[in-house]
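There are 6 protein chains.
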Amino acid sequence: MVTRNSIIDYINDYLGSALIKDASQNGLQVEGRENIRKIVFGVSANLEFFKKAAAAKADMVITHHGLLWSQNPAVTGIFKKRIEFLIKHDINLASWHLPLDMHAVLGNNAQMVKKLGVKNIKSFGVYHGVKIGFMGLLPKEMTLKEVESKFAVKPNLVFNFGKSKNKIVAIISGGGYDMFEQAVDAGADLFITGSSEEFVQEIAREGKINYMALGHYNSEVYGVKALMGLVGKKFKVSTEFIDVANPI
Amino acid sequence: MVTRNSIIDYINDYLGSALIKDASQNGLQVEGRENIRKIVFGVSANLEFFKKAAAAKADMVITHHGLLWSQNPAVTGIFKKRIEFLIKHDINLASWHLPLDMHAVLGNNAQMVKKLGVKNIKSFGVYHGVKIGFMGLLPKEMTLKEVESKFAVKPNLVFNFGKSKNKIVAIISGGGYDMFEQAVDAGADLFITGSSEEFVQEIAREGKINYMALGHYNSEVYGVKALMGLVGKKFKVSTEFIDVANPI
Amino acid sequence: MVTRNSIIDYINDYLGSALIKDASQNGLQVEGRENIRKIVFGVSANLEFFKKAAAAKADMVITHHGLLWSQNPAVTGIFKKRIEFLIKHDINLASWHLPLDMHAVLGNNAQMVKKLGVKNIKSFGVYHGVKIGFMGLLPKEMTLKEVESKFAVKPNLVFNFGKSKNKIVAIISGGGYDMFEQAVDAGADLFITGSSEEFVQEIAREGKINYMALGHYNSEVYGVKALMGLVGKKFKVSTEFIDVANPI
Amino acid sequence: MVTRNSIIDYINDYLGSALIKDASQNGLQVEGRENIRKIVFGVSANLEFFKKAAAAKADMVITHHGLLWSQNPAVTGIFKKRIEFLIKHDINLASWHLPLDMHAVLGNNAQMVKKLGVKNIKSFGVYHGVKIGFMGLLPKEMTLKEVESKFAVKPNLVFNFGKSKNKIVAIISGGGYDMFEQAVDAGADLFITGSSEEFVQEIAREGKINYMALGHYNSEVYGVKALMGLVGKKFKVSTEFIDVANPI
Amino acid sequence: MVTRNSIIDYINDYLGSALIKDASQNGLQVEGRENIRKIVFGVSANLEFFKKAAAAKADMVITHHGLLWSQNPAVTGIFKKRIEFLIKHDINLASWHLPLDMHAVLGNNAQMVKKLGVKNIKSFGVYHGVKIGFMGLLPKEMTLKEVESKFAVKPNLVFNFGKSKNKIVAIISGGGYDMFEQAVDAGADLFITGSSEEFVQEIAREGKINYMALGHYNSEVYGVKALMGLVGKKFKVSTEFIDVANPI
Amino acid sequence: MVTRNSIIDYINDYLGSALIKDASQNGLQVEGRENIRKIVFGVSANLEFFKKAAAAKADMVITHHGLLWSQNPAVTGIFKKRIEFLIKHDINLASWHLPLDMHAVLGNNAQMVKKLGVKNIKSFGVYHGVKIGFMGLLPKEMTLKEVESKFAVKPNLVFNFGKSKNKIVAIISGGGYDMFEQAVDAGADLFITGSSEEFVQEIAREGKINYMALGHYNSEVYGVKALMGLVGKKFKVSTEFIDVANPI
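So the protein sequences, as listed, match chains A, B, C, D, E and F.
Adding 78 to a residue's 1-based position in the first sequence gives its number in the numbering used here.
Adding 78 to a residue's 1-based position in the second sequence gives its number in the numbering used here.
Adding 78 to a residue's 1-based position in the third sequence gives its number in the numbering used here.
Adding 78 to a residue's 1-based position in the fourth sequence gives its number in the numbering used here.
Adding 78 to a residue's 1-based position in the fifth sequence gives its number in the numbering used here.
Adding 78 to a residue's 1-based position in the sixth sequence gives its number in the numbering used here.
Only chain A is shown next, with the shape it has when bound in the complex (with noise of 0.2 Å):
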């Protein structure tokens, strides 16, 4: 039988998560029953993704945003009903944000550098002190169209006001948008993101640099999926990745 903490162990020893700060308290957020032979893996801890995975008879689920962050709120209301579901149906809750944003292999920003064939790779993007994405260079010069069609879904938001041949990229998940201005400054002619915010348009302007904001939720389906490839092929588990669309 798999135990629901060698599971746990093995990825926080993998994403090396215990060094790195973050507002989640990454790992098994919300415990569950021991033995695990079904994991289903998607996005963000949350009703609807929960009844989802108890319909496919999930022992755990593992989510890239999950419900534990700096200061848990009393256990009332949307978060008590969470966390109450996950209880009554005895389903083990594991989480891990930044770690899987950043880490080298399996990480949003490095999937995303992999899909588009980049080279001469180099981290970039420094949050609270640590560069968590990953810049280098287009395996040839491409249009955004060109670009864009590599990804699965179309982007939220495009702004052209670059080159229209793209060849140096640096990408950051999720709302990276906080970051752009260090893509400027790096010299990037593409910044890739998730969400966006309303200074961005005249940072891309003065900037002169294209931007593609993919959705907060889209950019990082690649860190759970490929979590989801090491774990099937480490542990006897069967695995299955569930999605709850979201347009943002």
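Simulated from the structure, these hints should not be mistaken for laboratory data.
The structure presented is a predicted model; accordingly, all values stated were derived computationally and were not measured.
A couple of the hints might just be wrong.
[Said to hold, decoys possible] Capping the alpha-carbon separation at 25 Å, the derived lysine to any residue pairs in SDA-like fashion look like this:
#1 K129(E) to R115(E)
#2 K99(C) to D100(E)
#3 K209(B) to R115(E)
[What the hints assert, rightly or not] Listed next, the stretches of chain B that the computed footprint assigns to chain A, with coverage defined by at least 3 CB atoms under 8 Å from CB atoms of chain A:
#4 93-106
#5 143-154
Built from N, CA and C at the ideal position, the CB exists for glycine as well.
Given chain A, work out where chains B, C, D, E and F should sit, using these hints.
Chains B, C, D, E and F in isolation, oriented as in the chain A frame:
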């Protein structure tokens, strides 16, 4: 029908807890059913207490020590089992910590002061910038034995380095030993608290002051009991105090 | 002649900005010429906006988003080019951020509430310890389409997990999505804000509440426009609002 | 002649105290005469202890609990009388707190582990980010009575909610009760510490673990005694341990 | 007999020092004998001053600069010798720092303002959120030489980059140079303080303002002298100011 | 052509400034033209210095004291005029503060140590957790007059409470007086620094140590001059040191 929120709001207002800085997340901590017929009161939130409360058919439990403090743990181990029990039995948990130590009528300290018949009462004992205890004159000069006899339980520890007859008494329930030296400076003959730490003995000897520790638990039954009286009078609910005796 | 300082002092007093804690350094941010005949208003301080303001012969620009936040960067790159443009054209820059979100008459939220004809208005939405938005009753039960029609722009995003007819509305401009769950707890039928983040969809679904995002920019044109009205009436200066349209 | 500074420097180096964050100001706390012939060791710095040390003709006293902690008080009251006594008798005071709890050979925890003959020792018990205690296997399965018999003093408090025979033991001297739940998580059969707080009883019951409190004082005589052995061997000084017996 | 505590309490109340945040631990700093007949006043607590005070048979010394600041050092070296001298001579030390700079009647700044006959006085100079100095109009337009002649000592340093005749003066005693730029912004013709730092010269040149540094020590004799007057009138004690002249 | 960034990067690397915590924002502070032919060096960034640098046709100025510290002010008043001058003349400003005090070869302290011919040099003077000065043996026993003669300028202040012949010297440039007591503890005969505060005189008297203050400005010309030598050798640029003499 009496609703959960009407009770919580009433107590929050009565104790003025919104303005009191506390490591405890005071108020509703775990949400249960909405309609309340029976409330069980106790000193501390733990599984033994919850089981007895469930057997007594509680819809809500109210304690001095709750489950949520400044840094919540993951929902695992002992913490998870406590949350789980409440959720599965649909019982509300509400807790008030400092507000129930320091309240001028219902508080642990106010109640002990009243039990001893103290006169010329003034507030005493600065804790994080606020006075949370009381001091004043005993109704007559009393020996330590005479003071002991006013309480239902024998003290855990007594140091008699002070006068044989006590007149000025200072009181802080629970872990109030950190404020012991303030009692020396304030000229008290006797300091009454709950638990003790190692340095206390020599402060008593050098301060030539008497010291009485009633036990952390035993010094903190007074506040919740007084709150039970208030709530029972205000709302049409049945109430009961459940004791999980504790030597510390 | 109208002087720079008379205008700045008047607005600071009117908005009570000295007492409002904010990441923005509210008030005069970059000093330009002393005598003011023309003021240009806008949402955000950036080069595109400054160029249009200079073409419009502005002596001062007033924005909601300024250039100086809690930690100023070195005077390099994009930040340097913005400062440089102002200095070379001798244009003053003054900005008010939170004071212009939360003001009870001029603020972005107060203006949107007014646009919808909301009644029984009360303050709503705690941000860093202070309520900055408003909630209340729509003049009649309205569909999402009917609410949309009250604003000049189409929303960026709508979730209709709530009632088909909305009565109770809660509003926080700009990046107010972090306060969305407070709208659920307060019993709102509809929450209106500017921009969105990934977690919003499932809060809407679980909270059975409608959600409308007008765009960060589009939800924050109201405060500066109202301020323009006030300043234009108070001082003998010419005023103009300049739009740098922004889809986010 | 043996000088004050040669002793202080030697102990600081041996314990590596420069790198250990502590509320105590470890090292020389009150300067007395320069040449040292006699050193008296004890658990806590207080007047009773100082008087006995002076009667024993001490040139220096070394304690686990000193007089200087993170926030020094004014030189008044009890603190003043303690400083005064040392200065008038020209006695040095040096103290090491955490360094003497956690040292792998001399520390309170290492010494208790040794007293019980524990094997397969590993570090245990995170306190402010560092492990300061130890856990391991008792030389054979032992009852609580058998464990008690290994120490010179009877425990203050025992909870026997766990197994009747103990094999895995975890130890943190003094006020180590805050780390009790870590012993549950680590699978210990028995947790040994100094003093107790109210919550401990129910953690023991729910964790199905045995608990033994030896007294804060009694659990912390071991470190200073071991340090006394080291110093007596290294320097030509006479040494003596002076006991100020303390029930807490 | 006049007691130590009656004097300390009276001054604490008079200066309102309980509400003033300060790096200095204001009030009684080192406890000496209880009955007070003679108090010696001075600017700074040090051995030279203590020796002269002891020779003058002081029971208490009161200074502007005491011995205890936010982080007390170990009782070693120079700090130890100072504490030792007081304890061996049983002399009390009490000190008030910011309360004696900023007090509206007795304070160093209020006294200097009075010395110059300043009118239309208003508070000036924000230090950690509070205004601690004063500014106002000189009784007539004065040259720097005329201002100098009002003080007992020649200034350490004068910069005359401003007007030849001064009307508006701003004053902060001691190390007030950090608030110099506030004097420029407030439109002062002359800024008077105690000591200086390197950047001051160019602020004076660019601000076209005059600058006068009287010496840290010499600008802070006024407050303690005024306090001496108050205490001598209020209590039956003999008083004396002792000067340890200091060029800085 | 020599570019701005090549020079900045080279100095940042050479001084290792990325790892040095400092209130100063070290490195490029205000961006000017890209190609550099002439660099002017000075102690402090101010308008007088900038005007002289512009007259000398500087493309870049490098100073020890820059314009950007931990909390930047709004771009108004004196700060605005300084920024404006640089921007209008397209001159770069780069500054290094602590890195240029503490560097083992180029630093102000290292240079003064070299000027005196000090031997057996070791680092000295803990400032925010790091040693930034040096101490060691003078080449022979020297009187204060002899030490003075080694510097280009007369000291601002000398206290001769120590030996008539000095052998052990400790040095910290600028406002190093806060570390004076560390020199006493380290057994120095003479402490050399830049500026002074009031408490220094009595520390010197009680520590029986000599004290020499060269002026904040005059003690900090050495580092930038040494840096000028380095940069002039490394890059094909013309260099010049410009003095804005300062008595403090």
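**OP:** Kindly indicate which numbered hints from before are broken by the structure, ordering the numbers from low to high.
**Re:** Violated hint (a single one): 3; every other hint is consistent with the structure.
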